[in-house]
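Now for the letters of each chain:
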Amino acid sequence: MSTQQAEPESQEAPEDPEMKGAESPAAEEQKGGGMVEEHAEKEAELEGETVHIKVFRYDPEVADKQEPRFDDFHVPFTKGMTVLDSVMYARDEYDSSLTFRHSCRQAVCGSDAFFVNGKQRLGCKTQISDLEQPVRIEPLPHQEVVKDLVVDMDHFYDQMHAVEPYFQDEDTPETDALEEQRQSPENREKIKMSSRCIWCGACMSSCNIAAGDNEYLGPAAINKAYKFAMDDREGEEIKEHRLRILEQEHGVWRCQTQFSCTEVCPKDIPLTEHIQELKREAVKKNLKFW
Amino acid sequence: MYEHDVIVVGAGGAGLRAAIAAHEAGADVAMVTKLHPVRSHTGAAEGGINAALQEGDDWELHAYDTMKGSDYLGDAPAVETLAQDAPEETINLEHWGMPFSREEDGRVSQRPFGGLSYPRTTYAGAETGHHLLHTMYEQVVKRGIQVYDEWYVMNLATTDEADPNDRECHGVVAYDVQSGTIEGFKANQGVVLATGGPGQAFDHTTNAVSCTGDGHAMAYRAGAPLEDMEFIQFHPTSLPSTGVLISEGVRGEGGILYNSEGERFMFEHGYANNSGELASRDVVARAELTEVDEGRGVEDEYVHLDMRHLGEDRIMDRLENILHLAEDFEGVDGLVEPMPVKPGQHYAMGGIEVDENGQTCVDGLYAAGECACVSVHGGNRLGGNALPELIVFGKRAGRHAAGDDLGEPKIRTGYGDDVEDETETELPVAPGEAGLDATGGVAADGGVTADPEGILERTVETARERVDRLMDKEDGVQHAEIRAKLQKAMTDYVNVFRTEEGVKKALEIIRECRQEYQDVYVDDPSRTFNTDLQQTIETRNLIDVAESIALGALVRDEFRGAHWRKEHQERKDEEWLKHTLISWDDGEPSIFYRPVILEGQNKTYEPKERSY
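Residue numbers (my numbering), protein chains in the order written: chain A, 3 to 292; chain B, 757 to 1368.
Derived by calculation from the structure, the hints in this document are not laboratory data. Just so you know, these numbers come straight off a predicted model, no measurement behind them. Hints are not guaranteed to be accurate.
What the hints assert, rightly or not - Quick list of the computed label-pair ranges, beta carbon to beta carbon:
1. B:E1076 to A:T52: 32 to 40 Å
2. B:E844 to A:T52: 40 to 48 Å
3. B:L1162 to A:G214: 50 to 58 Å
4. B:G1163 to A:K286: 47 to 55 Å
5. B:E1217 to A:P78: 41 to 49 Å
For every residue, glycine included, the Cβ atom is placed at its ideal position computed from N, Cα and C.
Generate coordinates for the entire structure from the input sequences, incorporating the hints supplied.
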């Protein structure tokens, strides 16, 4: 199957005169008390209006879609409308060939990460009223596009699998079938954030290093390894084995602490911090330094 | 053609557990899923896993609560198996590294849930399903089990003997979503359907868009009856705008429901004088809608769920995910204001009829999880009982399919001499007939003379012809139109409150949808990632599932569990301690009944009035 690389940097300047360009990450709203009210105000402004979305289109099989383009849709705004709702409406009412992944609509299946107004976001948890119009919706950058907003996730899954992402308790004492391993609430708290990853791929797509080094394990896989490495239920030997995987040439030392992964993570996982902590662990254990 | 010993369709909680169990029993297993495993809807479960783990609790109490919660429509052998196996299976997840919430001494935490006589719900924050799903997927990766992700299973390859009890399932036919290729998957030992719920039959649901009842519809058309489909659980606390679920854990931790007048209505209006907000889900859902109907709803639509008094520390520790959901999907900060909630379609208690080993009446065909009805939930599922069902019965189905001897089942399946004959209820329309052409149905040229390869090849051919027909057709009706109409009819007429007239109206609309589907076409001409095609096939499945729900709701003229009928405001034990079974017979549904099994291992569960 032929594929198309979506490189947002190389896209043509938008023709639409109203287009204000990609929103700068600094303008992103932070979570806080004021957000709810601001949100309601913007929603009130949009009542009765349509929302203008520009959606990336590409299909290797269809003649007029082989050359990537943007399609414009004007979708009637409804209270609480998300980016996902807007593309679903466009698909169901205007063009049934518009293609994207989605399932749970509640930020847990991780299948609808898109590049929205220049930033990786989950379609289902991004309110359309919070965005500048027209809202530009593209597939995740630095991944091969299969069709429209669907990217090939195989490389992402391969990297996740490369860190041995499963509990290995061979070193821990044998437990009775009805006796759990003990874990302190503090230790559970330590791994809690890392355990929230929904494999959406937003972090990997935002990472400049991953874009240039195809072998780099990347923030998601390293975070997955962090979850196990920091879990006291696994023994010391396994922990060392995990650190050896992570300190390899294309592991933690590739991270240049640009924080882009942390910034786009829809589950607020402190990915960059986790990567730095693993670097420190590797130093403490005197493992090879690249 | 691909070939394995056991094929598991679907990769949520039940499918993953079945695959691991079959693998451990020595089988060559493959999972075929229309999503990637970590995208499965099990990940959205929030509350927890009921298991009698602590001193002072025991499996018999769990079984008793479950029988009572089911309104005495659960089968005791299944309920007792669930209660007996849940502790070991839950601890097994812990041994696999699942990050459960912990007590100070390092043991797993448990909390109260609706309808439970002991706080036996084991949890991981308010994201238990996410952790369960990922923990089990990790074990699948560890074992190197083959996963065909984004392959949509369209049909079962089943022989076509006249009596479904004589039929055999030899595999499935699936469509590679990425490339459009249609291939056969031969199962030498068994096919396990673990395709989840049918929530997309309704338009206000907590279920994922992928929950389209594919397994239900395929098994049904292959001859396995659907059981107790009228019992649909409406969760009392879903967000009004999207249907996103707010966990029962909020009420478990002490969250309070208020009406627009600030009354704690569960007590003040006498819906549940003992348990209040922690009465079972059917009771709370009806109470909320009654408040709205009597003019005490907020904005005539919903009620308030308040957790502010629990304090930030407790909320952050046990319900943090709920804060994010309320903020992201409703724009409400749960720390400073109450959350709007209303009932939303949440769970199907009914499903493909199976015995406690997961087997249907079709040889080699198994089902587990929400798509199956064993039956443990009867008329109403208790919160925290879905996840143990996945692991307990997923494991049993996987083991049995792989050839492990689990003993003779106590629960019978299929049409036999222990069933009562068809209903005499008059149906408003002749259901079923139209649309047979598009189903694929049971493979022709089957029977004892055909070899498994031949049956599979024939089924693949039928599926390819069907897809070509849908793709070649130039115009007609689009699936989205039919689906929206179907969902609206179900929500309007087969919701929490049901009337005979309403359900009949729904059946008429479903019949219209069935006829319109004859003219359905796929507009997207591409074979690459054609979601238009996939959803068109799913919509056909939803029509069958919706029809079975409405048919069940019409014939059961009593009030039991989640099934409320305006004209019949009493539970009729004399007449209705029996399961409704609907089987696809010569192109249309027929209805029959099988008695509930109330005899357990040590005692018989006597039906009592259910009060909370």
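- Item | C-beta pair E844 of chain B, T52 of chain A: status relative to the range 40 to 48 Å that was hinted | About 56 Å separates the Cβ atoms of E844 of chain B and T52 of chain A, which means 40 to 48 Å is violated.
- Query: Lying within 50 to 58 Å: is that true of the beta-carbon distance L1162 of chain B to G214 of chain A?
  - Reply: 54 Å, holds
- For G1163 of chain B and K286 of chain A, compare the CB-CB distance with the range 47 to 55 Å and indicate the outcome. This hint holds: roughly 54 Å between Cβ atoms.
- Query: Per the hint of 41 to 49 Å, is the separation of the Cβ atoms of E1217 of chain B and P78 of chain A within bounds?
  - Reply: 44 Å, holds
- So the hint says 32 to 40 Å: do the beta-carbon atoms of E1076 of chain B and T52 of chain A match that? 36 Å, holds
Hint compliance for this structure: hint 2 is the single one not met.
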